[in-house]
Amino acid sequence: MDQFILQILNGLDKGSAYALIALGLTLIFGTLGVVNFAHGALFMLGAFCTVTLSRFLSFEVDTGEVMKTAWGTENPVTEPWIYGTLGEVTGQTVIDWAVPLSILFSIPVMIGIGVLMERGLIKHFYKRPHADQILVTFGLAIVLQEIIKYYFGANQIATPAPAAFVGSFDFGSLIGFDANSIIYPYWRIIYFCFSLVLIAAVFAFLQFTTFGMVVRAGMSDRETVGLLGINIDRRFTIMFGIAAAVAGLAGVMYTPIVSPNYHMGMDFLVISFVVVVVGGMGSLGGAVLAGFILGTLESFASMQFVLERLPGINQIVIYLAAIVILLTRPRGLLGRKGVMED
Amino acid sequence: MFGLNTKDTRLLLIVALLVVLAPFLLNPFPEGSALAQFNAGYPDLMQRFVIFGVFAIGFNILFGLTGYLSFGHAAFLGAGSYAGVWMLKLLTINVIPAIIISTIVAGMFALLIGFISLRRSGIYFSILTLAFAQMAFALAASVLTPITGGETGLQTSLNDPRILDAASEGGNIPAPSIFGLQMRDSFELSVGEWLFTFNTGYYLSGIIMVLAFYVAIRIFRSPFGLMLKAIKSNQQRMHYTGVNTRPYMLACFVISGMYAGLAGGLMVAMDPLAGAERMQWTASGEVVLMTILGGTGTLIGPVLGAGLIKYFENIFSKINDNLLHQWFAFLPDGMEEFMVTIIHPFIGKGWHLTLGLLFMGVVIFLPGGLVEGGQRIARLFSRKKPSGKDGATTRTEPAE
Numbered sequence: 001m002d003q004f005i006l007q008i009l010n011g012l013d014k015g016s017a018y019a020l021i022a023l024g025l026t027l028i029f030g031t032l033g034v035v036n037f038a039h040g041a042l043f044m045l046g047a048f049c050t051v052t053l054s055r056f057l058s059f060e061v062d063t064g065e066v067m068k069t070a071w072g073t074e075n076p077v078t079e080p081w082i083y084g085t086l087g088e089v090t091g092q093t094v095i096d097w098a099v100p101l102s103i104l105f106s107i108p109v110m111i112g113i114g115v116l117m118e119r120g121l122i123k124h125f126y127k128r129p130h131a132d133q134i135l136v137t138f139g140l141a142i143v144l145q146e147i148i149k150y151y152f153g154a155n156q157i158a159t160p161a162p163a164a165f166v167g168s169f170d171f172g173s174l175i176g177f178d179a180n181s182i183i184y185p186y187w188r189i190i191y192f193c194f195s196l197v198l199i200a201a202v203f204a205f206l207q208f209t210t211f212g213m214v215v216r217a218g219m220s221d222r223e224t225v226g227l228l229g230i231n232i233d234r235r236f237t238i239m240f241g242i243a244a245a246v247a248g249l250a251g252v253m254y255t256p257i258v259s260p261n262y263h264m265g266m267d268f269l270v271i272s273f274v275v276v277v278v279g280g281m282g283s284l285g286g287a288v289l290a291g292f293i294l295g296t297l298e299s300f301a302s303m304q305f306v307l308e309r310l311p312g313i314n315q316i317v318i319y320l321a322a323i324v325i326l327l328t329r330p331r332g333l334l335g336r337k338g339v340m341e342d
Numbered sequence: 001m002f003g004l005n006t007k008d009t010r011l012l013l014i015v016a017l018l019v020v021l022a023p024f025l026l027n028p029f030p031e032g033s034a035l036a037q038f039n040a041g042y043p044d045l046m047q048r049f050v051i052f053g054v055f056a057i058g059f060n061i062l063f064g065l066t067g068y069l070s071f072g073h074a075a076f077l078g079a080g081s082y083a084g085v086w087m088l089k090l091l092t093i094n095v096i097p098a099i100i101i102s103t104i105v106a107g108m109f110a111l112l113i114g115f116i117s118l119r120r121s122g123i124y125f126s127i128l129t130l131a132f133a134q135m136a137f138a139l140a141a142s143v144l145t146p147i148t149g150g151e152t153g154l155q156t157s158l159n160d161p162r163i164l165d166a167a168s169e170g171g172n173i174p175a176p177s178i179f180g181l182q183m184r185d186s187f188e189l190s191v192g193e194w195l196f197t198f199n200t201g202y203y204l205s206g207i208i209m210v211l212a213f214y215v216a217i218r219i220f221r222s223p224f225g226l227m228l229k230a231i232k233s234n235q236q237r238m239h240y241t242g243v244n245t246r247p248y249m250l251a252c253f254v255i256s257g258m259y260a261g262l263a264g265g266l267m268v269a270m271d272p273l274a275g276a277e278r279m280q281w282t283a284s285g286e287v288v289l290m291t292i293l294g295g296t297g298t299l300i301g302p303v304l305g306a307g308l309i310k311y312f313e314n315i316f317s318k319i320n321d322n323l324l325h326q327w328f329a330f331l332p333d334g335m336e337e338f339m340v341t342i343i344h345p346f347i348g349k350g351w352h353l354t355l356g357l358l359f360m361g362v363v364i365f366l367p368g369g370l371v372e373g374g375q376r377i378a379r380l381f382s383r384k385k386p387s388g389k390d391g392a393t394t395r396t397e398p399a400e
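These protein sequence lines are chains A and B, in that order. Note that this note's numbering has the first sequence beginning at 1, numbered continuously upward. Note that this note's numbering has the second sequence beginning at 1, numbered continuously upward.
So here's chain A without its partners, still in its complex pose (with noise of 0.2 Å):
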């Protein structure tokens, strides 16, 4: 029981990274009807905007004081920029803090890059067919995933969390298991709250203000609602923008949990998008739901008991029961009849 506990918990922040992803995914694909095969890259951007901003923030400058080794060499004594304008202490929580600050830091950067990359690329694309639209988006994460490379290198970067939420939680005993049976840690629980909120943020957005009534009536008749004088164009700009900002805030907070590398963003592409099919194309409810259940599917087939009598269902778990649903049930679990069904 306690194991069975403790798989849907690990399921759950591999979970919450797919459906994060892939909600970005099927807004994209909901409102402009691209599919958008670089949007890993903006996952994998998200996170090096956190790298960016720990880096900036502990970037070393010269205090002017010289420090005798023991050998008599005079070194001159750096210390982070920051300590000279907050203080140490405060300079160093700072620091200590990167990762959850650079949620502030990484919004107006994806928004920008992701406007950037709708009115610069795929505006262009609308009318081809989806063949050239994946071909274009898959060349542009290509070419995105070598700048990173290029300038931060092709290692992993380690950026930790807070050290007030490195450390595990103890969940088996909350509820009544024996001591440290189920222990949980505390930056994977965050990353989980973390995800809800954004979620829910995303889906209030849509229901509950003008904008998102505008663009959920775009999603289900653009023609008509460009008939009634609303600049439609321009809010599915907007709405690629918070797309691009869901995937990067995925991949802020996801640094912690596993160190940026410049192809990240690849390795969870494929999966996103098995994940936005099984969901059900253009169905927000159903990509977040497909994400959690294949996120949780992934860590049960990751059992020892499991993978004694099916080695390596771990790596396919996924696949498979895309394979399944997609001969099954085309449309997804909540897909709606009629949206992209052949």
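These are computed hints drawn from the structure, not numbers from a lab. Among the hints, erroneous ones may be present.
Here are the computed lysine-lysine pairs in the DSBU-like style, where the Cα-Cα straight-line distance is at most 35 Å [as the list claims (entries may be wrong)]: (1) Lys-229/B to Lys-7/B; (2) Lys-349/B to Lys-123/A; (3) Lys-318/B to Lys-349/B; (4) Lys-127/A to Lys-229/B; (5) Lys-232/B to Lys-127/A; (6) Lys-149/A to Lys-318/B; (7) Lys-232/B to Lys-123/A.
All values derive from a computational prediction rather than experimental measurement.
Starting from the structure of chain A, add chain B where the hints point.
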């Protein structure tokens, strides 16, 4: 000739001639000169040209004729490679059985995947093939290690049974050969400053590529090919006229997969090593790029695309900063530094960046690929007034 019309015969002959004369054509610069690094006439690279040519021709039969974009074609190449190495290990070091078996194995693999994937079309088909390829990749790299060699890859070794061969003497791992003629054997011809290399492996792959090209032409011109083109332009209409398109699609998919397996078999025939990374989806993306770059749906396009990509991959990865400094030495110092700094990210390890940009550029500006580009240029220079019947306007658009 060979059941082809004059135009196709000419095309086939040109390709055959290019393949035969490639060691000369690709070595235009004398040995030891500053431009010698642009030579492509060495066996390893020439082999890759024709092998990826076969791969791209096969991909084009599927994507070019039917418009079904498979993102998992590398899986067939990988399956073919593994089958080929196993033949070299178990049966004989002669490459003929290896190549035949790898084609057949890839074909069966394609039959299985195609049977399931072809139930859906459009983006779903792409994702299904992608899912299958990723599955194959994940399994090959982990659980199937006894068959695939896992992450280290599969290769021939000294204690392989090789039941048809005599025991190898000398304690060396035998190199793949065809009836005693080793694949890596080369005949070198030195003419003045030039050095031309004629490699057995290259010519074997070259002959197979010309054959594959011939079969592709026949498929393109056959009633079967016409049926596939009809599926591309409007599958629904085909259904309404009472045609069951499924068998045609499946046959096409299997043929395409067999081409990929053939390419995989040739790859291991040249170098008896197969690794899981050959199945990764970026490898599938590469063959898509080759086809698009050359010109989707054209006969010669994929071969051109494959050659160009492999050539640039090789050349761009070789260029380094020192070389750039040499090239721009004629500029004033500041300018030289500036040019080198600008070009630096695109060369050497940055080759993939160039590749991505190329990919985007082709899809955005030249959807018809090099062949369309060539036609446009030819039209610019031809005196004929552009009539309404030129390539760009006769492309069939699917009627919604």
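Would you check the hint for Lys-229/B and Lys-7/B, treating anything up to 35 Å between C-alpha atoms as holding?
-> holds (20 Å)
Original post:
Regarding the pair Lys-149/A and Lys-318/B, is the alpha-carbon distance no greater than 35 Å?
Top reply: Holds. Lys-149/A to Lys-318/B sits at ~19 Å (cutoff 35 Å).
For this session: Quickly compare the C-alpha distance for Lys-232/B and Lys-123/A to 35 Å and report which way the hint goes.
Result: Within the cut-off at roughly 25 Å; holds.
Tell me if the straight-line CA distance from Lys-318/B to Lys-349/B falls inside 35 Å. holds (9 Å)
Between Lys-232/B and Lys-127/A, does the CA-CA distance stay at or below 35 Å?
Given pair Lys-232/B, Lys-127/A holds - Cα atoms ~18 Å apart, limit 35 Å.
Keeping to a limit of 35 Å between CA atoms, is the pair of Lys-127/A and Lys-229/B held or broken?
holds (21 Å)
- Message: Tell me if the straight-line CA distance from Lys-349/B to Lys-123/A falls inside 35 Å.
- Response: holds (31 Å)
Against the hints set out earlier in the document, no violation occurs for any number.
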